[in-house]
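Asks: Quick note on the numbering used here: the sequence shown kicks off at 8 and runs consecutively.
Hint data in this document are derived by calculation from the structure and do not stem from the laboratory.
Zero decoy hints are in this set.
Straight line, CA to CA, 25 angstroms or less: simulated SDA-like cross-link-like pairs of lysine to any residue:
| hint | residue 1 | residue 2 |
| --- | --- | --- |
| 1 | K90 | D60 |
| 2 | K90 | T265 |
| 3 | K90 | S13 |
| 4 | K90 | H74 |
| 5 | K90 | E29 |
| 6 | K90 | T56 |
| 7 | K90 | W31 |
| 8 | K90 | R47 |
| 9 | K90 | G80 |
| 10 | K90 | A195 |
| 11 | K90 | S100 |
Here are the computed distance ranges between Cβ atoms for each label pair:
| hint | residue 1 | residue 2 | range |
| --- | --- | --- | --- |
| 12 | D181 | T86 | 46 to 54 angstroms |
| 13 | A9 | L185 | 50 to 58 angstroms |
| 14 | A9 | W270 | 34 to 42 angstroms |
| 15 | G207 | A274 | 35 to 43 angstroms |
| 16 | L131 | T88 | 40 to 48 angstroms |
| 17 | E160 | A254 | 30 to 38 angstroms |
| 18 | G207 | R253 | 32 to 40 angstroms |
| 19 | D87 | E160 | 45 to 53 angstroms |
| 20 | E259 | E26 | 28 to 36 angstroms |
| 21 | T86 | A195 | 28 to 36 angstroms |
| 22 | R253 | G142 | 26 to 34 angstroms |
Quick reminder that beta carbons are idealized off the backbone N, C-alpha and C, glycines included.
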Amino acid sequence: MASTVSDVIAALDAAYPRELAESWDAVGLVCGDPAEPVERVLVCVDPVTATVDEAIEWGAQLIVAHHPLLLRGVHGVGTDTAKGRLVHRMVRSHVALFCAHTNADSAVPGVSDALAERIGLRVLRPLAPHATGDGSTGIGRIGELPEAVPFGEFVRRVGAALPATRPGVLGAGDPDRLVRTVAVSGGAGDSYLGAATAAGVDAYVTADLRHHPAGEHLEQGGPALVGLTHWASEWPWCEQAAEVVRATCDVEVRVSTTCTDPWTLRAGE
Numbered sequence: 008m009a010s011t012v013s014d015v016i017a018a019l020d021a022a023y024p025r026e027l028a029e030s031w032d033a034v035g036l037v038c039g040d041p042a043e044p045v046e047r048v049l050v051c052v053d054p055v056t057a058t059v060d061e062a063i064e065w066g067a068q069l070i071v072a073h074h075p076l077l078l079r080g081v082h083g084v085g086t087d088t089a090k091g092r093l094v095h096r097m098v099r100s101h102v103a104l105f106c107a108h109t110n111a112d113s114a115v116p117g118v119s120d121a122l123a124e125r126i127g128l129r130v131l132r133p134l135a136p137h138a139t140g141d142g143s144t145g146i147g148r149i150g151e152l153p154e155a156v157p158f159g160e161f162v163r164r165v166g167a168a169l170p171a172t173r174p175g176v177l178g179a180g181d182p183d184r185l186v187r188t189v190a191v192s193g194g195a196g197d198s199y200l201g202a203a204t205a206a207g208v209d210a211y212v213t214a215d216l217r218h219h220p221a222g223e224h225l226e227q228g229g230p231a232l233v234g235l236t237h238w239a240s241e242w243p244w245c246e247q248a249a250e251v252v253r254a255t256c257d258v259e260v261r262v263s264t265t266c267t268d269p270w271t272l273r274a275g276e
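Let's have the full structure, built from the sequences with the hints guiding it.
Replies: Structure representation (structure tokens):
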């Protein structure tokens, strides 16, 4: 019997319970009919024109995205707005959109588990445990490498493990400092700089680090920093989510490799 949109949603809700989402978040089905049959599912980080184009061209009936399309309250989805045009395009093309955001961040395994695995960490615990539960869920992860390596080598390993982006991977710290314990947080993570310092890790890997918070963190003796782009830090989750769907639904699943970072040019290239 053919799988439906609701079948895929049930699998994703079991893996990434919606009650783990932050109160300000907007997760779940954005558009589409839960009763519609699904043969192909595209998994991506961002529901933007490029990934919607990819889904339609491939013949997908469902897009599973990490980032919400309509995070802030809207009063309409007219085609005179960029997001409204996307909604109309998906509805006209019979493509549903489902989003798993901070619930996928906090779930086990979740976004940061996928990032930790890609860079060779054994996960020990959450960086910022969820307020309720047994302490296993929460934002970010703390893990350890099989053996200590110089920070400069660790930065190179992270760069090799993740998809290439124009900005690339940046390191802030003594290149000879030995790194064994590492905190990671997929997505924008400078609000957890204090948590990384309190955890006593040697390095912290995250995205969207801002000048002043990062600089002050280093001045205060915090762990070395590895800066990623937002898309690269969360892209490993896509394969994790794809496996969740493949395991329970009779559908073909594709992970989009389209880089949806906004940065497309680098001076000197």
